[in-house]
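J.: Residue-level listing of the chains:
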Amino acid sequence: MKILVPIKRVVDANVKVRVKSDNTDVDLSNLKMAINPFCEIAVEEAVRLKEAGVATEIIAVTVGEKVCQEQLRTALALGADRGILIETSEKVQPLTIAKLLQKVVEIEQPSIVLMGKQTIDGDNNQTGQMLAALTGMGQGTFASEVKVEGEKVLVTREVDGGLMTVELGLPAVITTDLRLNEPRYASLPNIMKAKRKPIDVKTPSDFGVEVTSGLAVVKVENPATRSAGVMVESVDELIAKLRNEAKVI
Amino acid sequence: MTILVIAEHSNDELKADTAKVVAAASAIGGDITVLVAGANCDAAAQAAASLAGVSKVLVADNACYEHQLAENVSLLVAQIGKDYSHILAAASTTAKNFLPRTAALLDVAQISDVIRVDSSDTFARPFYAGNAIATVKSSDSIKVMTIRTSVFDAVAATGSASVEALDIATESGLATFVSAEMTKSERPELGSAKIIVSGGRGMQNGENFAMLETLADKLGAGVGASRAAVDAGFVPNDMQVGQTGKIVAPDLYIAVGISGAIQHLAGMKDSKVIVAINKDPEAPIFQVADYGLAADLFDAIPELNEKL
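Keeping their order, the protein sequence lines are chains A and B. Per numbering that gives the first Met the number 0, the very first residue in the first sequence carries number 0; after that it's consecutive. Per numbering that gives the first Met the number 0, the very first residue in the second sequence carries number 0; after that it's consecutive.
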């Protein structure tokens, strides 16, 4: 069984980004970049499925600039077998990424596409669902547990009121939530080994997909800021402030 | 403009989020239709018909919509929605599941988590955990978007729209509902609570959340948690407030033993009044708190419970 794991290069989760002074975008120059945390969880889950004898091959794929090979190497060091970079310098929106991944799915024929539920830069939470629509697959989004049983997969999903389990026929798209697993750290030997694993470089035009978007960014601004208030000295003072000043209790 | 709002409901009850999405639809302006897809969902449909500004309610009442499976609901919404200029739903886990699938079927983009309507084609949305706000203009023929309901005020229940049953079933055969484990609580839901008491890693274990529950009950509050507390297994996932959990904006948010990571702040910094109780006076949560108390929560919370 093949597993396809789409991943994305994003700014490190611990970095607070700033908006550019001309309000065209956020400023990512000189910031630490990393594999998106939800994608890392997807890679880990795929590796666990391989270790359990369920999966036989893991293919990591990403869409972006040449430098995104770094994150593909991270996925390879964590246990993916080979990588595909769909290289473009343009800003690619979720629908276009889904169309590119659809082409990869047609070629690779994976039984499961395992990917993050959202990236921490765009915060869109769309690509997996869109890919599932385009490929006609079922979808198990926001997964906290994945159980492959023969030609089916049981996915427990984190939903607003609790947990919901669905059964999907294979192939299927699964998007990961935070509680699915705790990703391992890549060992030094595995990082060295990853350097020799193959990465296939393609372009959107190789797949006949045009990079377009129905959305144009007009401007990017800072959110309304909140300034620190006052420190109170005691529980009594806190209760008094909430009752008499803020009038919220 | 013709706007289709997809109702958020539990078949027997319309969720408050729907009235907030209708408010966003009213800000766009135009004729508003609400689609209720469910099974034995007449009560939800009747409640939707009473929302101010809604002209028509369409009801797709079929077993294949009972659990809001994305594979089935997206086919329905794409089929009905192709005749509308806008399709709106709450940014809940239900719509986040089926609406991007719908958008792909319609070959249009989705705009996630809309927080402001500038015009019929221009909207604002947060990204980078709310550290930046993008204003985006859509050139798609159908604008598909999820609405961050914490920033829109619900419309009143003063309307009387017509209700029309749809004879339609779009069973995809791709997915089957197996089970649901829903958290039962007498306390208000996080999305609608006026006051929220949240606990973090500082709570040390799940049992200690009982203190926060006592406080919540005294205040009529809902109980939330940081990712750290959920990851540590103290409390269930549906209590998580943050970038990838629930986004809330209550009148009062009390953060207890929460340090204030970017991802947590993204979920609560629009609260009207924020109180932070943390023994570390340097914790980042104090930078957004209106009232900060640098104290051991195991002293402060029992004292609060005694004095309130």
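Derived from the structure by calculation, the hints contain no laboratory data. Everything numeric in this text was worked out from a predicted model, so none of it was measured. C-beta: ideal position from N, C-alpha, C; glycine also. Errors might be hidden in some of the hints.
Within a straight-line C-alpha distance of at most 25 Å, the following computed SDA-like cross-link-like pairs (lysine to any residue) qualify [to be verified]: (1) 136/B - 92/A; (2) 151/A - 173/B; (3) 136/B - 210/A.
Covered stretches of chain B, as calculated for chain A (at least 3 residues, CB under 8 Å) [as the list claims (entries may be wrong)]: (4) 221-228; (5) 259-268; (6) 296-303.
Simulated restraints, written as ranges between beta carbons of each label pair [said to hold, decoys possible]: (7) 205/A - 163/B: 28 to 38 Å; (8) 227/A - 161/B: 47 to 57 Å; (9) 157/B - 11/A: 41 to 51 Å.
J.: Starting from the hint list further up, note which numbers the structure goes against and sort them upward.
T.: 4 and 7
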